[in-house]
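Chemist: In the order they appear, the protein sequences are chains A and B. Note that our numbering has the first sequence beginning at 662, numbered continuously upward. Note that our numbering has the second sequence beginning at 728, numbered continuously upward.
Because the hints were derived from the structure by calculation, they are not lab data. Careful: at least some of the hints might be erroneous.
Which stretches of chain B does chain A cover? Using the computed rule of at least three CB atoms under 8 Å from a CB of chain A, they are [said to hold, decoys possible]:
hint	segment
1	758-771
2	868-880
3	974-981
For every residue, glycine included, the Cβ atom is placed at its ideal position computed from N, Cα and C.
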Amino acid sequence: MKNTHIATKVNGDGVEFTCEPDETLLEVLRNRLGLTGTKEGCGTGDCGACSVLVNGRLVCSCLVLAVETQGAEVSTIEGMASGDGLHILQQTFIDHAALQCGICTPGILIAAKALLDKNPSPTDSELRFWLAGNLCRCTGYDKIISAVQAAAAKMRAA
Amino acid sequence: MNYVSKIRKFKQVGTRPARPDGDDKVTGRALYGADTVAPGMLMAAVLRSPHAHAQIVSIDFSAALAHDGVKAVVTGADLVAQDEGSLRDIQENCLATTRVLYDGHAVAAVAALTLKAAQEALKLIKVEYSALPHVIEVDDAMRADAPIVQSGRALENVPEGFSQNVTYHCQFGHGDTDAGFALADEIVTRSFKTAATHQGYIEPHACLAQMTTDGKAELWCCTQGQYNVRDICSALLGLEGSQLRVTASEIGGGFGGKTNVFIEPLALALSHKSGRPVKLVMSRSEVFRATGPTVSSSIDVKIGMTRDGRITAGRAELRYSGGAFPNETVSMGAQSAFAAYDMAAVETLGWNVLTNRPKEAAYRAPGAPMAIYAVESVVDELSQILNLDPIDVRLKNAARKGSKSSYGPTFDDVGLIETLEAAKAHPHYQAPLGPNQGRGLSAGFWFNFGGNTCVSLNVNTDGTISVIEGNPDIGGSRASISLMAAEELGVPYEKIRTIIADTASLGHNDITDGSRVTFSVGLATIKAAQDAIQKMCGRAAQIWGIDADAVTWEDGAAVPAGENAGKFPPLSLAEIAAVSFETGGPIAGHFEVNADGAGVSFGVHLCDAEVDPETGATKILRYTVFQDAGRAVHPSYVEGQMQGGAAQGIGWALNEEYIYGKDGRLQNSGFLDYRIPVASDLPRIDTVILEIPNPGHPYGVRGVGETPIVPPLGAVSNAVSRAIGKRLTQLPMSPPRILQAILKG
């Protein structure tokens, strides 16, 4: 199949790549751009490990074709920390032991940040339903919920 | 060795510092199995059997090899044939030679320039199969006329008259059970069934292999045990162990499911044939079809009890199937079924049965959850019938120090009674219940293991410490190991960096399994630190010009042992390290051990559930885990094990199961249809850590990782059974199954 040329922004940086029309955004991020922080757990949109933002919208990057990101803004886990240090959510995940193996963590951080950006004070129930698309097999979600709520409190105070 | 008298007040053990790999994991920098590349790398894909059971008549891969971009094809003929036994089974499971034994059994693999080319080439491989009759359910497979999965595999102690699928038999117990049942006021006999479940780690199996023409090989993979991978792959590829270096990537969950080898020999063989590095990553569907799962089971339990709640006798017969290859997991079930009870008469019988399912892999306390679920269900039913408090019944019969366990050994210090008392005293146990709600509880148990372990501990000249261990960190163990090194040496946690060595950089370590790492690696780390301390005391003695015996170690520094040793100011670790080149060279501590004394672990779970009588759907309202951790080195990660195990067990109890069609093919090989708990399925999972020190560890540590998956099956089932007023005996308790029980009247 003929490759397509795509110009997009990833974590604020202008990025150009070519890809086949049936390549997913996840494949391009990992295999062509070297951004392996976004994980593949299923490839069918069931686990959320590949969560990224496209134009501010939370998506499973395994269900988005890379050619759809022409002119778009893509945000991945690699863009969450700044030169000054970790994002409050990232630091709070470490402080609250909200990760064990860590494979789901990038996707959960992206999803949690997307929620807090539009709802800075979610209830536990809102948070649990928002994160229902992100599977974690290690933690039982308890410390993840605590960490997101603690981060939300810190972000509201900031 | 008994360390109880030496257990001391801790300064760092028991605190909750940030884990050393935290930053890497929240930024996406941590490298997992599928996250690395090599120059000139090929991508591989695996052809899998569409049949539950078939003879392979022929394989023609000439068209695949001719396909554009394809560089190599391997089949079962490309692995070194092993003799009888477990290595032979692993070889057959990695790549079938003459017969496929389950849907998803690997038949061939292709390496190509792109994954797409490899996948296209799979379709060009012509495999001629001759289908054979298959059998999926354990009870069906035991019948004398059942289709035979493998013949000639039964061990000698299997009585005659059974199907050849019955490969293993075991028996445990003591006392006269018939006499015991005669003393009972009430006897309950029930039969149970549990489905096979998958470990469900979010990271699929992945590896990157490189074999070179000089007989060397490099392998990067996600595994719970790089030394085991090395040993198996060396055998299957005809390599010398020293020439195959296996590096364990960060691991995205395992729970026992990554203690095995599946794709690594295929990637190595493809690399050998193509002369290029080969990356092989399983799809989620392949993970379900060809790795894991647990055993499925069929269990009968009979327990007798007096009116006041004393168990007079117990008997269980357990029939497990771990798929198409022989295993002895049922032995774990038969040994653990009644472990929580101090019994005068107990008998358990176990049978392993072959079926046309994937080769079983360990899953957190393998064999125990289903056995204890069955026993705890009957104990709960007896408590109900006799109108007794279920915690009081368990307290009355609880195993304690000095109890002869149902599997033989006599228990040393164990924390079951304290754990039950904590559950009884917890507000959860008094919380009011509404309509359609029920409260269940279950005890749980796991043996815990020690095993072969070695650790090197280097004292760097700037006063920092490098700990080198060989067990993949699956849930925060590097933090715990660093804490124990810091505690023993008397230096801050931040001065320690613990790394996981590849197979060429440290001697053998057993797999990260059996809840062994914090116990065994911790023990070896403490001993390696003591070795380094002894050497540092020697250096201080040399500097001071006194006998080495006259120097002791306090708060991270060498000090004179007493008045007679002379008066010298303390020499800190950093000061000794700084001048080490002048006092005899670099300083390091080592320790190697085949550790025993792991110390069993008991837990108790409380579960409140509400059942919707119209749909049969269950909602977990409250959940509390009580467990004896011996000593919680990093309490946050102990709690994490307790919560994670509980969540997996709740999934097992309510939703998760391997579903097969009449054709013997797996029908739900994805996370959409094999539904593990999501955040909105679960409540907060409260935890209470008990600390009854394990006499077999210098700090009293017990393994904690596996016990937490054992009680949820019984706790949830007992809660649901009490909520609907019907005794349920089959897992998972999916809504249709519960509804059926309700409607049966």
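Chemist: None of the hints should be skipped; say for each whether it holds.
Modeler: The hints, checked one at a time:
1. 758-771: holds (count 4)
2. 868-880: Answer violated; 0 residues pass the 8 Å Cβ test.
3. 974-981: Three-residue rule met by the segment 974-981 of chain B, so holds; n is 5.
In terms of the numbered hints stated before, the structure departs from hint 2 and from no other.
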